[in-house]
Each structure stands twice: as structure tokens, then as C-alpha cells.
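> Top line first, the protein sequences correspond to chains A and B. Counting from 67, one number per residue, gives the positions in the first sequence under the numbering used here. Counting from 52, one number per residue, gives the positions in the second sequence under the numbering used here.
Worth double-checking, as some hints may not be accurate.
Claimed, not checked - Label-pair distances were calculated between CB atoms; the ranges are:
hint, chain 1, residue 1, chain 2, residue 2, range
1, B, D270, A, T417, 46 to 54 Å
2, A, T417, B, G365, 27 to 35 Å
3, A, E438, B, G365, 35 to 43 Å
4, A, S263, B, T95, 52 to 60 Å
5, A, Q566, B, P78, 48 to 56 Å
6, A, N491, B, Q69, 49 to 57 Å
7, B, K376, A, S263, 16 to 24 Å
8, A, T304, B, G378, 15 to 23 Å
9, B, G365, A, E122, 27 to 35 Å
10, A, P654, B, T374, 56 to 64 Å
11, A, H508, B, P78, 30 to 38 Å
What the hints assert, rightly or not - Sample of chain B residues facing chain A (criterion: CB under 10 Å; computed from the structure):
hint, residue
12, Q72
13, L138
14, N162
To be verified - If you want the footprint, here are the derived chain B segments under chain A, 3+ residues with CB under 8 Å:
hint, region
15, 139-153
16, 358-371
17, 380-392
It should be emphasised that the hints constitute simulated quantities derived from the structure, not laboratory data. Where a beta carbon is used, it is the ideal one built from N, C-alpha and C, also for glycine.
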Amino acid sequence: MAQEEKNGKEIKHLNDVTVMFAGDSGDGMQLTGTQFSDTTAYLGNDLSTLPDYPSEIRAPLGTLYGVSGFQLHFGSSSVFTPGDITDVLVAMNPAALKVNVKNLKQRGIIICNSDAFDAKNLKLAKYDSNPLEDDSLSGYKVFPVPITSLTVEALKDCGLKPKDVTRSKNFFALGLMYWLFNEPLEPTLEWVRKKFSKKVEIICGNEKALKSGYYYGENTELFASRYKIAKATLPKGTYKSISGNEATAIGLIAASKLSGLPLFLGSYPITPATDILHHLSKYKNFGVKTLQAEDEIAGISSAIGASFGGSLAITTTSGPGLALKTEATGLALMLELPLVIVNVQRGGPSTGLPTKTEQSDLLQAMYGRSGESPVAVVAATSPSDCFYMAIEASRLALKYMVPVILLTDGYIANGAEPWKIPHVNELEKIEVTQRTNPENFHPYDRDENLARPWAVPGTPGLEHRIGGLEKENITGAVSHDPENHDLMVRIRAQKIQNMQNTIPELVVDGDQSGELLVLGWGGTMGSIIEAVNDARKKGMNVSRAQLKYINPFPKNLGEVLSKFDKVIVPENNMGQLAKILRDQFLVPVIQFNKMRGLPLKSFEITEKIAEVLGGKND
Amino acid sequence: MTDKIDVEEVKLTTKDFQSNQDVRWCPGCGDYSVLAQVQKVFPTLGIRKEDFVWIAGIGCSSRFPYYMDTYGLHGIHGRAPAIATGLKVARPELSVWVSTGDGDLMSIGGNHFIHACRKNIDLKIILFNNKIYGLTKGQYSPTSEKGKITKSSPYGSIDYPFNPTTLALGSEATFVARTLDRDTKHLQEMIRRAAEHKGVAFLEVYQNCVIFNDGAYSDYTDKETKPDSIIMLEHGEPLIFGKNFDKGVMLNGFNPVVVDLNDGVHSVNDLLVHDEFDESPVRAFIYSHMTDDPKMPTPIGVFRQILKPTYDQGVAAQIHDVTAKKGEGDLEALLFSGNTWEVE
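Chain A extracted, bound-state conformation (with noise of 0.2 Å):
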């Protein structure tokens, strides 16, 4: 579908685009995107993106390794991934050209920075000759900009330092962009006001930069056809854009309103969980406490203290970072005291792959800590979600007396969606009985879930000692006793089987018996919608569901699995979900794993499912 413009130029109507911005890791690609993402949210696209970005904060400039990207897939209808190849690529140098052509589809559109393809960067980008006048481009439709020179020559009359004048052609490139997708401008120059309200020469600077690039494409000859994206049929509602680390904390300071608790969080810096921590220290008005601690170990130990204290406590981290707070977390688990461990999985072992992601911790989290020790394991399945999930974890860690450990990861709680904002009404209170009477307390009593009472220091008359050592059920004298060992580590273990009782079933999508289930966990929800969708308009009958709850597991999981002759797990891991689904169930469920760092991308998922049906439906 196309119409023509009174310029002559021509509109394409698309259902959905990809489109990478590619940078050296100073040229503020994510925040071209983020804007880029705001914007196109603010249209009514629905979208999904996913940065990408080295753990350089600034790379050399031009190198392979100092690329950074943002990436972006918005669309029309329902969108769950940032997009498995790219239609758009936005190239500021050859290095990001280099790194990123590899995932651009065919006929694809390249717009580079051709100020930036001199020989210095060609070389450092590892190009024996400039791919903008060799023919190796050929298979996409290439855009040669000069983006610094164009810049430098808007911004002659800013007042603006040489340095920031360059530094604002990312600006052009966005221009350029809203341009070709034929976005306002508007929700840009208001950001850039506001933020710098007291730097005239930045607005200048920025607010020059943008209308060049939009103008560029305007007015020159260049390109001949401009897209637009139509608006996605959203449910009625308000909406933001919204990344998963942040509805982490805005999740948090919600079950804090809704628990009548205090929120406190013990946490140390680490990629990619940092941004919990910096969203939570902003809100001070809301009575949040937050202790950036000496190390991961003093983040726990200090939101335990809390816990005991009578906080809704909390701390975060990354993979390496868990494994410093395990024999913390099994304190916890002894004291029997409410605790949420917010886990952003990233790359591991070890430093691995601190800015990409992957749902390598699962195992970490299930069975990382010495003696039997069982946490409840949650999982958020979209940046969104994430807002839910720790809702969700901080209710169950208050109502059964336990740490509970909400794993998302790098790409959900760095990545963006719109939120269909929900109302405070509409979210379920969370009760919590902090015991004050000293009739009859015992500190290791038992309620109908088994959890013990929850007694804070300053009530006068519940005087009493918790620690690591063994307790005596009910009273809490410290015991060595062989029988009473045996009860406590079967009462540990009942505490979070009895969660079953009040988590929700796990829901099926599509028949709920037959052939095939692609069955997920977490994070990999959006790739695994597409793929199965795209499974099912090329004829298969699969069906879907994606855990949510893995410790303990939905009470109707062992049903769901009997019902479908085969099961596939697409897992960002080498097959952890699937060792205990054998372990749980004795099921043979077939592993679909990668570990690149990236989410699942959806079509390879598409095959597998072809694969496994036997290509009959190919």
C-alpha cells in the first residue's frame, strides 16, 4: 500500500520494522533509541526493544568491541520481541556497520555516516576497503549521509564547544529517522527542554540537529519513499513505556504500599541490576530506604537485619553476585524471614557477559546453598511484568516467612514495552500480621501455612532469638536433636509447597491437549509467542504456556505436561529448566538452548517446532 506525497515522495504503509542504531559507545545510541521508542510508543505502536551495549563505558572510539546498539521492533499489531533481523540499520561508523549488517535482511536499509568511512576507521574497523564505494553493500539499499559535516554546519550558531556540537549528530540521525517513519518531532524538543532547561546552547545544539535531519530527508533527493507504521490495537487504557528494571522498583515500592511496610533495600552496584537501585533511591517520599552496602554480602546481610526489623526487605543483583549472597540467602531461609533477592541474570559464569543476558541462573537460585535449603524461585516474563512479578514475590516472602527469588534478566530489565498502566485499586492488598501479643508466643509457631509468627524488635514482651543454628520447632531453642532436624528441613521444604495453594495454575495456550507444547520460562515469553504464532500461519498445531512459578511449580503442571505427546523448552541456557521438569515429572522434553547472549530469536524456534512435528506441516 502507498500513497504519494505533495513532495512528491511517496508513503509506505508497513504491519511492523526492526531499526538498529549502531554507534561507538559515547554516541549516545541509547538514548537516540530511547527517544526514538518513546516517541513511536507515544504514536500508539506497540513495541519491544532491546539494548546492546558493551561493559566499556567508552570503548576506544571505532572499535568492533566498542559498538553499541539499540534495538527496536515496533509495529501494528501485538509485538513480544525486539525482532529476530533488522530492517533498518543506522550506522554512525564503519565498526557499527560491520558488527550489525550481519543481522539486516535482504534489500534492508543501511544509513551511515559517510563522514565517519575514512581511513582510520576503516581500519579500526577491520575493512581492507570502504564498503560504501566497494560493491559489498549491494544486497541492501544504502544511505551515505555526511551526518557530522551536516551537523556541524547546523550548529555553527549555537555557541556550542566543537566537542558537543559533534556530539549532537545523533541527534541528526534521529531527525532523519523521525523523518523516514514519519514521526513527530514534538515529544523529542519537549524532552530536550526539559532536561536541559538551563543549557540554552544544548537546546540549541540538539533542537538544530534533529530538524536538520528531518529536513535532510525532506528535502533531498536522496530518499524517495517515507513508511508509516499504523497504530496497534492496544486495549483501551493509559499506557507508558516502561523497562523492566524500573517496574521492578515501581513494583516494589507498590507492594510496599500495599504490604503497610516500610521498603528497604541492602544492595551493591552491578550490572544489569544497578537501575533498580537508582530508581529506588529517587523515592525518598514514599519512605524508601535504600543502603548502597561495602559488597553483595552486606547488601543481603543488611536486608535481612531489616526483614528482622519488621521491613519489606529486599536486595538485588546479577548472577555472580547471587552466588555471594548464598549462605546469607540460607540464613534467611533458617530464620525464616521475609526476604525478596531480585536476580537480573546476565551472561555467566563468572564476569561472563555482564551487559547481555541470559536464564543461566535458574539452577543458581533453585539449589545454590548449602544443606537443604529451598527457596520460592519466581520469574517475570516481560519488562512489564516485572512490575507484577515483584508484587508477586514480596507477597508470597510475606505470607509463608521465606526468601524469595524473582529472577528476570538483562534483556527484559533493560528492555522497553508499553504498560497499560493499572489503577492502585485494582491491585490486590497484601495482608501481613506482625504479632504483638505475648500470650502463648512461641518464636517458631506454625500458622495453617506453617510459617512462624513475625515478631519485631520494640514489642515489648516477644523478647526472643532467631539464628543460623538448627531450631527447636515451636519454641526456638536452639536443638541439635535428630528428630527435630528431620522436622524442620521437612517444614522448610512444605513452607514453599504450600505456596501451590495460592499461586495461580499455569494457563495453556492454545488446545489444551495434543502434539506439542512449547513450554517456556521467564524471559524468553515474547520469542516463543512469535514463533508458535508463526508455527500456526504456516498450518502447525502447537500449543503454548510459559512458567511464571518454578519453585514450587504450578499445582496443574504435571497435568498440562501428560496431556501433549511431545514438549519443547526453549531455554537461554543449556537446558536448566529442563533438568528439573525430567526431575519433577520423568518427562523426555526436548531442549531447544542457546547461549549467545541475545534473546531466543523467534524464527529458529519456528523450526524447531517444524523439526519436532516431523516437517509434516512444512
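Start from chain A and add chain B according to the hints.
Frame of chain A, contents of chain B only:
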């Protein structure tokens, strides 16, 4: 911020602080003395019983909370200061105490200790320093003297020891003191001083381990040797010691030296005068380096006490200020803040 209420009204006694657990330290252990003196002092502090909390790590001294009928948490090795920090920040009105040992605090928990001092968190940290690992049956600790022969150092340890008061002062602790398990009066006084200090209070107790390091402090506690081996720090008083009070400590450049007050050359006027409240940590640092030096008396008493805002106060003040400026947080408004759009 601890609520002081009328002592008469509360009428707490030593017995109120004795838990129903049998005390399981070895007979003759110095820990008994610390427990007894704490139980004597606590009823007199004007703090409600339910507002006391003991936090501990691992080791003999870390069993302390079980024997106190207050709120208590027996944690994991070395982490007591971190657990206590979280509790104190969450509940600044509580009186939070840490019982710890030289292995627990100086080795595995060293990081938490220096940061609790640095941040001036209003904790009372009692270090039971017996210069040995007791609960694991006798290995040299980070405070054991170099050359110490133990099961893990059969040819003598080659480690240089930490001096806990030096470490505390170097970490900017606002209250640093030392006492002896055998000097019950002084021990009580130091516990009281620690309790009354607003800010991190570090009290090192020289505590005898009868089983694995018996007599480690006998020079400092035996009647015969004590007067010449220790010096009692008294605010405003010159540094005098010795059986006949005839020795003193004066400065020679930056270094302390012992002088004979009967040599006809030196007089009391030459001596260092103790000032607990000196803002500069230099004087206290000099004292701490007199520790375990055969040429010098080891100082006992309050090395230093200064006042500066505590971390927990700072947290509360920031919340107060930001709330006053922005108004109390409204969750509904927070959810709907930022760039929102309507889908009809």
C-alpha cells in the same frame, strides 16, 4: 534517638536480661564476665528492654545473643555489623549491639567492620579479643602475635597482627575504647560509655581464652605486672603509670616515649595529657600504637569519643527533607507519571 524513659518506672533488673538458655562457654572463660557486666549495666541505661537487640556472627562470643533475654539474631560468620546496619537503618529507635570476636570481626568480617565505622552507624560493637580461634579449637587469629605456635602454625605464625583500635581509628570510628575482662568495674563503665555514645561505638575487650590461649593478657591483669604494663586513660589527666606512679608518657617528636618522673629531668608537666574529645584522631592513634609494645604501657580506657551525624540519622533526615519538599509519595501518581498516552 533511643527513647529514654524513667528508670524507676521500668524497674529492670539483671535478671530481666538473663535468658532461659544454659550458658555453654567453657568454665573460666572471659566471656562470662562480659555477659555478667552487660546484664548489670543494661537495666540502668533507661532503655526499654524490648528496644535492645543483640546481633552476632559466628564464634564463641557470637553465642552471646542466646544468653540475653532481649531480641537477638545469631547470624553468619563476619556479617553481624552488616545485619545490624540494616536493622539500625530500618529502625533507628532501637539500641543495636554486636557481639563479635577477633576472627569474626577482624578477619572474615573486616570489610563490614571498617564500613560500619566509616559510615558512623549507631551500633555498639563489643569485640571479644582473645587472640585465638576458639570455636574451631585453636588456630592463630588476625590479632595473634607474630610467631604464635598453634595447630595451624606449628612453626610459628608468620602473620603480622591487626591492632583493632588502630583499625577502628583508621576507619574514623567516633568512639574507640579498650577494657579488660578481669576489671569488672572498668568493663561496666566502658559498656555504659559505649551505650551512651551517639554513633558507632567500638569497645575492645581483652578476653582470656582459658583453653587455647590462657594467660594472653596476664601481664595486664596480674597484680604484680599490671601497673607497669598498662596505662589507664583518664580524660584531662597526664599519662602516668607504674607501681609508684613514677612513670609517664611524653612525646619525642611524633613518637611516645616512657620517662622516669624521678630522674630529676622530667616532670608531670612534660607528659601527654589525655583528651578523649580531641577532634583530631592523631592523639588516639599514638595511644593505639603503644599497644603490646614491650617498651610502652598498653592503654586501657576511652581512646577517643567525638560526635558527628550518624548514618541512620542521615537516612531519616533525607527522607524527611525530600518528603517535606515533594509531599508524601502517592502511588497512583507515581504509576501515572512520565510520558503517558491514552489508547481509546
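> Please write out, lowest number first, the hints stated earlier that are contradicted by the structure.
Per hint list: zero violations.
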